[in-house]
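Q: Based on these hints, arrange chain B on the given structure of chain A.
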Amino acid sequence: MALRVSIGQYYSATSPIHSLDPRVKLVLTVVFMVSCFFVGNLPTLVLAGAIVGLAIALAHVPLGRLLAQIRPIVLFLVVTSVINLFFVQTGDLLVAVGPIRIFTGGVEAALLYTLRFFLLLLAGSLLMLTTQPVALTDGAEKLLAPLERLGAPVSQVTLILSIALRFVPTLSQEAKNIVAAQTARGADLENKGALAYVRACVPLLVPLFASALRHAENLGRAMDARCYTGGEGRTHYHVMRLDARHDGLAIGVMALYLVALIALTILS
Amino acid sequence: MPSFPHSTAHTDASPVSDRGPALRARTSRLSGDGAGAPLISLRDVHFAYPGAVAPDAAPASPAASQASGFVARDDTGTDHNDGLEALRGITLDIWPGEHVCILGGNGSGKSTLVQLMNALLTPTSGTVEAFGYNAADPEGAAQIRRRAAMVFQHPDDQMVTSIVADDVAFGPENLGIPQPEIVQRVDAALAAVDMTELAQADPADLSGGQRQRVAIAGALAMQPKALLLDEPSAMLDAQGHRAVQRIVERLNRRGIAIVHVTHFMDDALAADRVVVLERGRIALEGTPDDVFARRDLVRSLGLEQPFTLQLADRLATHLPGLPLTGKTDALAEAIARAVFPQGASLPGTADRGARSARAEAMSSDDSSARAAHPNASAPKTARDRQDDAIVFDHVSFSYADDANPRKRRLFGRKRSQHGVRHVPLALDDVCLTVPRGSLTALIGCTGSGKSTSVELACALKLPRSGHVVVGGVDTSDLERRHELRSQIGYVSQLPERQLFAETVLDDVAFGPRNLHLDSAEVDRRVHDALTAVGLDPTPALLGRSPFALSGGQQRSVAIAGVLAMQTPMLVLDEPMAGLDPAGRARMRSLIQTLRASGVTLLMVTHSMDDVAELADHVVVLDHGKVVAEGSPRQVFEQTPCPAPGLPAPLAFTRALAAHGVALHPAPLTLDDLVTALTNLCKEVFDHGATR
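Protein sequences appear in the order of chains A and B.
Take the working numbering: the final residue in the first sequence is number 268, and no numbers are missing along the way.
Take the working numbering: the final residue in the second sequence is number 691, and no numbers are missing along the way.
Same shape as in the complex, but just chain A (with noise of 0.2 Å):
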């Protein structure tokens, strides 16, 4: 049984999200990303939500799915939308019990501050569900192309990303059998002290670097025979054509979206 990373949870569906170009869909989800922090009032907060809203209702992807990629960072929103409500003190004094005095301010903040948050989460995890792991390093090798010339190793980079992302499973069911075989063996890992802790991981660790090792001892070698030299002269398997139609429609959305962000901006 091999265990999978919950980042890159890759949801296979045909929708027109999926199909999209995903240089197209990453530009346009780090676009919109960075858009959220602009967020600043209700009308806004409307408008983005409508745009991650559109998108979920076009890419068939169930919403338990897309929620539980979210899931870890929960308590962290939760955190600080506390913090800005017992903090912010601006605007009209609501509820005063004792110390804590909780203002208007305070409520819109923690609302806005944590919705938008949630908005850029939703978002980012989108692109996640919809875009295979192997297309978004192929996409971001593909933009990030020009800044080869200027002798950053994009290629190699982008390559040793997808090689990271293919090795979670082997390593962690690595480390799973190592565990077992050393639990087995009567490794105590339930020690008290810090010390001891550190000291029964090492019978864990020790294995689990030597193994990391192998694996990028046999995987180097059988690269240098499948006659992998670097970047240079490299083609590519997958061809990325935009589509004026598909994809045009995409930017043109996000484009409106941004003319519409700003307008609300400077109106209020």
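Note that these hints are calculated values from the structure, not bench results.
Treat the hints with care, since some could be wrong.
What the hints assert, rightly or not - One side only, chain B facing chain A, incomplete, derived with CB under 8 Å:
{"hint": "1", "residue": "Arg145"}
{"hint": "2", "residue": "Asp157"}
{"hint": "3", "residue": "Phe170"}
{"hint": "4", "residue": "Ile182"}
{"hint": "5", "residue": "Val186"}
{"hint": "6", "residue": "Ala204"}
{"hint": "7", "residue": "Gly218"}
{"hint": "8", "residue": "Leu460"}
{"hint": "9", "residue": "Arg497"}
{"hint": "10", "residue": "Gly561"}
{"hint": "11", "residue": "Val562"}
As the list claims (entries may be wrong) - Counterexamples of contact, computed for chain A against chain B with all Cβ distances above 12 Å:
{"hint": "12", "residue": "Leu47"}
{"hint": "13", "residue": "Val95"}
{"hint": "14", "residue": "Val134"}
{"hint": "15", "residue": "Leu143"}
{"hint": "16", "residue": "Gln182"}
{"hint": "17", "residue": "Phe209"}
{"hint": "18", "residue": "Val253"}
What the hints assert, rightly or not - Covered by chain A, according to a simulated footprint, are these stretches of chain B (three or more residues, beta-carbon under 8 Å):
{"hint": "19", "stretch": "147-153"}
{"hint": "20", "stretch": "171-177"}
{"hint": "21", "stretch": "511-519"}
{"hint": "22", "stretch": "674-682"}
Glycine residues also receive a C-beta, built at the ideal position from the N, C-alpha and C atoms.
A: Quick look at chain B alone, frame taken from chain A:
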């Protein structure tokens, strides 16, 4: 001309000069170009790994010694000066379209040899030329690599992406092939290894055999003239192994030259030529039949004969003149003819009778089963369950409940139930027993739940429902967990991967120390355990880093680490995986010794022959359910057979029966088969004499 280190090899008229013209004729037929030049040619090649300088110098990383398979040392730990060289004067030609198998024990230099052919390594002296390029020249090396593709032992370490098709495309991408042609090549390569349907799958979801086929497709997509395979089946189950072998033979028929390094003698039977290495030299070379006919030499080189040749050899005294062939059917026919010359027959075993006797043997009753196997266990119902070492009582297990964060209860109960329903149970209502003092074999295909069962038996996982009782202790009873740990030992798959300590002593002593034994007792156990696995517990060995040992020694030390806990029960998860024939033989004798000393053993294995030789109780799993349990005879003689394969002697008995020689009861081991055939010969002879 190669210089043979063993004078014995000379006697078999220099095979290279004999076969050269014949092969050339054959290859010109295959490739149609009529060119008389070898694809790859090595001339007096020597090679030494930089790490193998001083006896105690550890290699650069633990991976180095393991991946390359050896640091030139023999198994007793003594070092020879000339042993520092991995290869010592190899002269060898590979012809177009040829199928060559390279055999040899661990550390004989096989992996080094194929890596030299692919210009992954450059010789310290001598020359390697391939496809008209010199391997020593970097430009030449690149040219060689695009013509000689390579497949390694671990499929996991050859994949660069998480989509099968993208991985296959990696080689052509590197070669700068135009995109439309890459698409064609990927499709063709995946079709050649029967993986078209899984083109978009994640390699992590595939079985080892499927992953290795993807690796072969990746090599094929480069459209090589030669395919170099470095023990591609060493880590696969029988099914995966058969698939790889079938594909290799098919590719060879298409005209691709194959150089196949293997530990499996049966693989070599399909080759045109076999090259046997020993300590970096070619010890023997010739057709498979010629090579394996030299029984004593083959054995002294740490190899074994393929099954049919072993059988023909053992029968030689009673049935002289049997052909030394790798073909089961040819040998069966020859034996049938030798046993019943000119229609001689036993009363009641005439042709018609023979066939009915065969049917009878297949539905063999319990009494005959016990007659042949005195140790064969009685049926489960007749046994007192209290006496069993390990009992699974209606055990179910699902990875959905375990540690998969994705499947955890998320937003409401309904979702989570929905998720669970989609994950098949890894174990579904499993009831099985491991009788005390027995050797129980756990068999089944990849994904049948073997490893899960093992982890449940070792209390490394807890069942979702049902109970696992080990030595009278329920594994869910946390109070008695410590007691349980001292009852059952666990030798994981590739146990050498769990080595961690700075010295052999500390590693082997890890388990006993965790049992809080006093230091004198720990020392005694470390010595006993190392002696048991065939290592001499000298201070030099005890003080050595386990990572500086050879691959075979590492496994021995890792197993000693478990034996040192002196548990009355021991679980072995594929202990033979990746071992050479000599290593497998050592492991078998270790298992028999443990058995004789009263240890209850539960062994997961892919080898049906090992089951027949070693086990007295068998449990067959399929898709998380027990489909058969009983003695090896009870399991293997069921039709259809629930096991994923048959032991070679039984398969051979069936072939014999098809030629009219019925053996009753059907022998499961080579010894039994030889005895049965010898007795039959005597009977036929006596009958003929009295008539």
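Q: Against chain A, with CB atoms and a cut of 8 Å, does the hint on Asp157/B hold up?
A: 3 Å, holds
Q: Does Val253/A clear chain B by more than 12 Å, comparing its Cβ with all Cβ atoms of that chain?
A: At roughly 29 Å from the nearest Cβ of chain B, Val253/A sits farther out than 12 Å, so the non-interface label holds.
Q: Confirm or reject the statement that Phe209/A sits farther than 12 Å, beta carbon to beta carbon, from all of chain B.
A: 9 Å, violated
Q: Checking the smallest CB distance to chain B, is Val134/A really beyond 12 Å?
A: 5 Å, violated
Q: With a cut-off of 8 Å between beta carbons, are at least three residues of the stretch 674-682 of chain B near chain A?
A: violated (count 0)
Q: Check, residue by residue, whether the stretch 511-519 of chain B contains three or more positions whose beta-carbon lies closer than 8 Å to a beta-carbon of chain A, and give the verdict.
A: holds (count 3)
Q: Against chain A, is Val562/B within 8 Å by beta-carbon distance?
A: 7 Å, holds
Q: Less than 8 Å between beta-carbons is the criterion; does Gly561/B satisfy it with respect to chain A?
A: 7 Å, holds
Q: According to a criterion of three or more residues whose C-beta lies within less than 8 Å of a C-beta of chain A, is the stretch 171-177 of chain B covered?
A: Contact hint for the stretch 171-177 of chain B vs chain A: holds, 7 residues under 8 Å.
Q: If you take the shortest Cβ to Cβ gap from Ile182/B to chain A, is it below 8 Å?
A: Hint holds; Ile182/B Cβ to chain A Cβ min 5 Å, cut 8 Å.
Q: Against chain A, is Arg497/B within 8 Å by beta-carbon distance?
A: 6 Å, holds
Q: Is Leu143/A truly not at the interface, in the sense that its beta carbon sits beyond 12 Å from all beta carbons of chain B?
A: 18 Å, holds
Checked against the numbered hints listed earlier, the structure breaks hints 14, 16, 17 and 22; every other hint is satisfied.
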